[in-house]
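Using the sequences and the hints, build the whole thing.
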Amino acid sequence: MFALRMFESPAGNMHWQNYQYNGPLTPEMETTFKTEASRALSSIGSGSLGFSVSTSVTTVNGVTTGLTEFQVGKGTPWTAEEMAMLDSRFAALAPDGRMVG
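The numbering used here numbers the first residue of the sequence shown as 1322 and each following residue consecutively.
Simulated from the structure, these hints should not be mistaken for laboratory data.
A hint or two may mislead.
The list that follows gives simulated cross-link-like pairs (lysine to aspartate or glutamate, EDC-like), each with its CA atoms no further than 20 Å apart [said to hold, decoys possible]:
#1 Lys1395 with Asp1408
#2 Lys1395 with Glu1357
#3 Lys1355 with Glu1403
#4 Lys1355 with Glu1390
#5 Lys1395 with Glu1351
#6 Lys1355 with Glu1402
#7 Lys1355 with Asp1408
#8 Lys1355 with Asp1417
Below, the structure is given as structure tokens:
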């Protein structure tokens, strides 16, 4: 499941789409997400891209959970077409419903 949060950097030069994965992110999976985002956005000519990945692990009462935030940024505002394309690519990579944006 995807949920969308928009963030525009204070400098106004990058526009970010944020996604959360409720599990640990392997290096291979991170590379795949970046590759798919690049392919999706380059096919419609959206300009420069940036990526940010952060993972946190929490243990409460012996139960360990992980959360990974994956951000895709671009130099121009996001269009509905670009957001839909990125959402569908990421949904295909995490079909178990663990992706929330």
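Original post:
Are the Cα atoms of Lys1395 and Glu1351 separated by 20 Å or less?
Top reply: OK: Lys1395 and Glu1351 at ~18 Å, within 20 Å.
Original post:
Straight-line Cα separation of Lys1355 and Asp1408 no greater than 20 Å?
Top reply: 13 Å, holds
Original post:
Within a Cα-Cα threshold of 20 Å, do Lys1395 and Glu1357 meet the stated pairing?
Top reply: Answer holds: Lys1395 to Glu1357 is near 14 Å, not above 20 Å.
Subject >> Pair hint outcome, Lys1395 versus Asp1408 [Cα-Cα no greater than 20 Å] >> reply: OK: Lys1395 and Asp1408 at ~15 Å, within 20 Å.
Subject >> 20 Å limit on alpha-carbon distance, applied to hinted pair Lys1355 and Glu1402 >> reply: Holds. Lys1355 to Glu1402 sits at ~18 Å (cutoff 20 Å).
**OP:** Starting from Lys1355, check that the Cα of Asp1417 is at most 20 Å away, please.
**Re:** 19 Å, holds
Subject >> Lys1355 paired with Glu1403 [C-alpha distance capped at 20 Å] >> reply: With a Cα-Cα distance of about 15 Å, the restraint between Lys1355 and Glu1403 holds, given a limit of 20 Å.
**OP:** Assess, step by step, whether the Cα of Lys1355 is no farther than 20 Å from the Cα of Glu1390, and give holds or violated.
**Re:** With Cα atoms ~13 Å apart, Lys1355 and Glu1390 stay inside 20 Å; holds.
Violated hints are absent here; each numbered hint is respected by the structure.
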